[in-house]
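Participant: Residue strings, one per chain:
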Amino acid sequence: MNSTTELDHCLKCSICQSACPVITSASFPGPKLLGSDALRLLKAGADAGAVLPAVEACLNCKRCELACPHGVRITRLISDVKERTVTAKKHYWRDLLLSYPGFLGKVGTIVPGLVNFFLSNKIGRKLAKKVMSLDADAVSNYASRPLSRVTSSLQAAETNRKVVYFAGCYANYIEPEIGKSLVELLGLLKIGVVVPTEHCCGMPLLANGFKAQAKKAFQKNLKALLPYLQEGCDILCTCPTCALALKQVYLEELGTDEAEVLSKFVYDASEYLVNYSDQLAGLIKPVKLHMVYHQPCHTLAQGVGQPSLTLLKLIPELKLQAVDGCCGQSGTYGFKQEKKKISEAVGKALFKEIEQCAPDLVSTDCGACTMRIKHDCHLDVKHPLSVLLQSIKTDDSLPD
Amino acid sequence: MISVTIKTGVLVIGGGITGAGILWDLALRGIDAVLIEQKEPAYGATGRCHGLLHGGCRYLVKDSAVAAECYRENKILQSVAKGAIENTGGYFVQVKGDDPGYVEQWLNLAGKTGIPVKEIDIQTAIKEEPLLAVQNIERVFTVPDAAVDPFDLTLMNLTGATQRGAKVFTNTRVEELIITGNQIRGAVVKDLASGESYSIHADIVVNAAGAWAASIAAKAGIRLNMKYGKGTLVVFAQRLTKRVINRLRKPGDGDIIVPAKSVCLLGTTDIPVSSPDDLDPTAAEITKMLNIGEEMFDHLSEKRILRTFAGIRPLYTGDNNNGEQNREISRGFAVINHEKDAVDGFYSIVGGKLTTYRLMAEQLVDVVAEKLGVKNPCQTAETVLPQPVAGQVKLAVEEPMLCECEQVTVQDLERACELPFCRDLHTIRKITRLGLGPCQGTFCIWRAVMLLYENQRISAAECRQLLQEFLAERGKGSCFTLWGDQLKQYELARGIYLNNFQLGDAADEI
Ligand SMILES: Cc1cc2nc3c(=O)[nH]c(=O)nc-3n(C[C@H](O)[C@H](O)[C@H](O)COP(=O)(O)OP(=O)(O)OC[C@H]3O[C@@H](n4cnc5c(N)ncnc54)[C@H](O)[C@@H]3O)c2cc1C
Ligand code: SF4
Ligand code: SF4
Chain L
73 MNSTTELDHC LKCSICQSAC PVITSASFPG PKLLGSDALR LLKAGADAGA VLPAVEACLN
133 CKRCELACPH GVRITRLISD VKERTVTAKK HYWRDLLLSY PGFLGKVGTI VPGLVNFFLS
193 NKIGRKLAKK VMSLDADAVS NYASRPLSRV TSSLQAAETN RKVVYFAGCY ANYIEPEIGK
253 SLVELLGLLK IGVVVPTEHC CGMPLLANGF KAQAKKAFQK NLKALLPYLQ EGCDILCTCP
313 TCALALKQVY LEELGTDEAE VLSKFVYDAS EYLVNYSDQL AGLIKPVKLH MVYHQPCHTL
373 AQGVGQPSLT LLKLIPELKL QAVDGCCGQS GTYGFKQEKK KISEAVGKAL FKEIEQCAPD
433 LVSTDCGACT MRIKHDCHLD VKHPLSVLLQ SIKTDDSLPD
Chain X
937 MISVTIKTGV LVIGGGITGA GILWDLALRG IDAVLIEQKE PAYGATGRCH GLLHGGCRYL
997 VKDSAVAAEC YRENKILQSV AKGAIENTGG YFVQVKGDDP GYVEQWLNLA GKTGIPVKEI
1057 DIQTAIKEEP LLAVQNIERV FTVPDAAVDP FDLTLMNLTG ATQRGAKVFT NTRVEELIIT
1117 GNQIRGAVVK DLASGESYSI HADIVVNAAG AWAASIAAKA GIRLNMKYGK GTLVVFAQRL
1177 TKRVINRLRK PGDGDIIVPA KSVCLLGTTD IPVSSPDDLD PTAAEITKML NIGEEMFDHL
1237 SEKRILRTFA GIRPLYTGDN NNGEQNREIS RGFAVINHEK DAVDGFYSIV GGKLTTYRLM
1297 AEQLVDVVAE KLGVKNPCQT AETVLPQPVA GQVKLAVEEP MLCECEQVTV QDLERACELP
1357 FCRDLHTIRK ITRLGLGPCQ GTFCIWRAVM LLYENQRISA AECRQLLQEF LAERGKGSCF
1417 TLWGDQLKQY ELARGIYLNN FQLGDAADEI
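As given, the protein sequences belong to chains L and X, one line each in that order.
For what it's worth, the numbering used here labels the leading residue of the first sequence as 73, then goes sequentially.
For what it's worth, the numbering used here labels the leading residue of the second sequence as 937, then goes sequentially.
Treat the hints with caution; some may be incorrect.
[Unchecked claim] Computed cross-link-like contacts, SDA-like style, restricted to lysine to any residue with a CA-CA straight-line distance of at most 25 Å:
{"hint": "1", "chain 1": "X", "residue 1": "K1178", "chain 2": "L", "residue 2": "Q291"}
{"hint": "2", "chain 1": "L", "residue 1": "K287", "chain 2": "X", "residue 2": "T1060"}
{"hint": "3", "chain 1": "X", "residue 1": "K975", "chain 2": "X", "residue 2": "Y1164"}
{"hint": "4", "chain 1": "L", "residue 1": "K288", "chain 2": "L", "residue 2": "T328"}
Derived from the structure by calculation, the hints contain no laboratory data.
Keep in mind that this is a model prediction, so the values were computed, not measured.
So that you can see chain X by itself, here it is in the shape it has in the complex:
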């Protein structure tokens, strides 16, 4: 039953970085907008990406225009999105056996593109990054890479937009598009918590559903040619490097480590899959990556691994679908005006990278603004985004603590709960980093759940459900890397949750 109707100028579908960036851009230009996200913010590729704010060097040889674009955007984001970025700098490392011809070509293009690349001596590099396998290293270059927290970046865009009047509905799925004649009118959405459906009327609908963009377009009877590449990442329990470290060769699997606050991520793979929901890493991928990682980093596979996860790279293949290998498809993005498909006011934005989300949003909103007759220019390159409310690396020894590994205080949790789009434990965890440290929620998730209950944010039945969901999810994330210390940690968690909290019936889920 369709009960309420909301009216807005632009309806944005998808709460990944692209949708969030669009909402912020729209809000800055004074355009009334609503964003719908089926789960929590950054649920899709955004929250499952590597967190590398590209300086461009990875794409130099393949596509130096994309490389230059990354470098420019990188610099812009470092000034407007400081709260989400750690300017770690990066190394590109040539390992014994890597093609020296590639290195020369790469250096040459760096010079032409104007991306600052500088060779440093191996001893200095090893001193800075003792994890590097000294016996295997040929040459090392510094590059302007940085680390970005994709959750923070998304949340900052959403917070900024809502502060300027935009609305965000999470845990709400777009079910149908409303089209009369050739004109888009909005969408029917369903609140997944209450089960209630309602419609949102809008002059413009933007499909920023990432890997799910094709299924949204299909609701308008439009076919989007997309390919899906699964990329798996391995999360180590601590920060093993100070900066981003790339392998200097033709981009391949397992050749980058990116620090992410208190942890670091090794990735990725690129495996063709048929659906955006095909999200399970495989043991073979992980073994392969660790083996490749060992060529550049000493004893990497002995380091404690917290979990693994996979994300889907949605690659728009345009109109020609010629079955190339996935990594060869352009990383560029496309703004598609579906007027060509006889649906007026409906736009899709596909492809791209986290690093270039701002530019993507700018180009899309330029088109939308023109359509709406709004003259205000894009302001996202100059306007500083609000700071994240929590989740920064800190040591808060004096405050009452929920999550000790990541130093999440009671106050952090309460602040996160106050955000308008924070409706569930997932979002709380993304905002605060609750349970993302070495114990992986062994001691904090139940504390947090009890606090939520005490503050009357959830019911007793929901407590149980949340704990069970958490356990199931945790089992999924760690099942391929359960050995050594992390296996013991996992058993300790099982002991506490299954025995102490008598969640025994969740046992078969984990």
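Next comes chain L alone, as it looks inside the complex:
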């Protein structure tokens, strides 16, 4: 369905409005207005400047889309509106740079010491604030070795089948441990893993309005993944945003047959592993900890239920509580100075809920949520697969 048809599809009921976390936290016109209404009027020549700050405040959390009773792909429309307003952006260059986490990641992991030092140092943070309008207090630490260099040494020799792991920027450059955990878990299940050369999934570009560049990124990844699809390999993602992109967004935006094939072979890693619950349960040892699981918006948006929670429930003696709500980070959104207030307002309720649980640690699938929760709740945050693997390897070893 192209966006012209999509926009005709909206019945103006405003149900999406009540699901939007930004509306309830700040003055924000909401998904209906920024989606079908704005796109329709922009096509008729309305001044794009009037919606620019508002549309930039959308987190792309997709909660509106889940709520819409008529199945309107609202964020698809919003991304069209963002595209139409992108050249008027105040922070055009900063946003473009932030939309290439792959590039940033490469720099960050090649010279992690330097970048991390720069950002942990007072002058560096001030500079980031001044020059880039970035809130460097919240920016992440880069890993010392990217995942691709770690996993090549990890491929299981004796395997029943082979899957592709699309790691995404976060597992690649910031927390390679996630990727390692997945590869090890699959190894235990005798499933081989290939980690192809990949580019950023492109979602940051799309969310920031750079649609043309985003589509290029989609095409590149599609091309890289195509040979594996032809072999019949499933594709696994540990990042919910990457999974959502590959499952849904590439197809929506590109509309090609290849994108459609791809959409059918992509799994959230936990969604995939749930099928092996029995085998995994046999390996898992009890863990005496109190943990909160936070479901990221983009896992919710995939419509696969809560597979990570299902996996975590396999761990005996783990005291598990689940929380719901958007953390407000949305990729690099929460780092942007001018978004800081909204981001904090959105996340407040969630952080309060987590703090009230007073857990030993938090688990969530999404890198952006991880960074935000670590920063705001001062708690350790781990990917569910890392937790799972550690429960297999040792008992009572968490957090280390």
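Dock chain X with the ligands against the given chain L, drawing on the hints supplied.
Facilitator: Below, chain X with the ligands without anything else, positioned relative to chain L:
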């Protein structure tokens, strides 16, 4: 009972574009005038037309003098009526199977008439207008067409005139003409809101009642030979093209798309009818137009349709009524001085087009001014009309909103209510575009009605009546195109109005 009497120089009957243009012209020449409109401004053909500000190309082959006239007027209006016009430009598209002989003749006449027409390559055209059915297109030409909002244009003329002292009475019907001997003296009119009748005394009476002109003339015992052609239009929920797109062949049904602010209109048909009040579109007309439209536009009939409506083309057949096919009758206009019918001071203006309204008004007022001994020349070609008060395409994200689809704010509504001739919800909707978007009033009409009540502009009983009228009208406008998303939208509206507002007794009207 006739209570008050108003005195004026010229009484203009009809608040369509012709009457409004005449009032503005009179006001600019300093002639005291009053305009009477039975419903709201642009109620007739004006508010039901296609909104194409002709560049003339459609009439080249049929009548190149009319074509040249359109082109000239188009340019004048683009400078004096900017607020109502979007200079979209236009394409003329030759579709496979269309007569190439016609195209050659058309091109030749364009050259002779001096209307700028330029061929462009199909790829460029498709890139600009992706709706074009690439597999069917033979040749594409750019032409100087534009889109005009007929409501805005009418309201701008009325506003300009009232600012210069003219008076406008809407919702007021001319009941009788007052004639003593051979001399017209004015008219008896009835305020349809209060039911009160009064007389207006005037030296001159101008009959600009469009399709109803014959019935006004009949009040003076004069017979005007008129024919009526019904034209139906289909309104799509969004703007599907950037510019006006015409089929390049002998003018026929369903061969033009005109963008109109946030929507676009496909039209029209031309079906002979016997009365100017025969305004109902038929399912057959709509199906036919969509089928023809599909030849030029991809998947056109799958696009969401908001409503359909029809207008009447009043065609003056002069003194010889020889029963030709309707589209063959001249689109030119006639100024008739009824002195020839033994009524002095009474004039009718019939026929014409929206595009040429200014010229029509000029020619009529020239005659009237001469009769009154007024020497001031016409100034409408140079004097810029006031801007419309609301209704422009905008995104007003910060303001309290009544109608979200068309971004009508509370302030827009209040501004519209302040206009002297704005007396009802119809006029408010025409001024502001309230309820004209995809939800078709599902969420805004009741908000607006409540605001009007809160501001003490209407009573509680009127609230209910307005809502019921709105629902009935909406049902009429959409009944032939209720499928897909618009059907669901309609059901949602019914749910809200009939259940939530307990307007259940309106159910049999819709
Ligand atoms: C379907 C269709 C499409 C068209 N498309 C175009 C186009 O794209 N471009 C173009 O240039 N032209 C177009 N036209 C032509 C154009 O609409 C008309 O030429 C023009 O609007 C006529 O305006 P008018 O003021 O003469 O008549 P009207 O707009 O009909 O005005 C007459 C007014 O007189 C009022 N009236 C009648 N009786 C009384 C009474 N007793 N007392 C008080 N008031 C009374 C009526 O209520 C009405 O408002 C189209 C016409 C039709 C029907
Ligand atoms: S996008 Fe969906 S939920 Fe939102 S107004 Fe439209 S139909 Fe309703
Ligand atoms: S994606 Fe999230 S933030 Fe954006 S409009 Fe929808 S609900 Fe609101």
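Participant: Taken at face value, is the distance from the CA of Q291(L) to the CA of K1178(X) at most 25 Å?
Facilitator: Violated - the C-alpha atoms of Q291(L) and K1178(X) are around 29 Å apart, more than 25 Å.
Participant: Holds or violated: are the alpha carbons of K288(L) and T328(L) at most 25 Å from each other?
Facilitator: Distance of about 13 Å is within 25 Å: holds.
Participant: For the pair we were handed, K975(X) and Y1164(X), check the Cα-Cα distance against 25 Å.
Facilitator: Between K975(X) and Y1164(X) the Cα gap is close to 20 Å, so the pair holds against 25 Å.
Participant: Quickly compare the C-alpha distance for K287(L) and T1060(X) to 25 Å and report which way the hint goes.
Facilitator: holds, 23 Å
In the structure shown, a violation is registered for the earlier hint numbered 1 alone.
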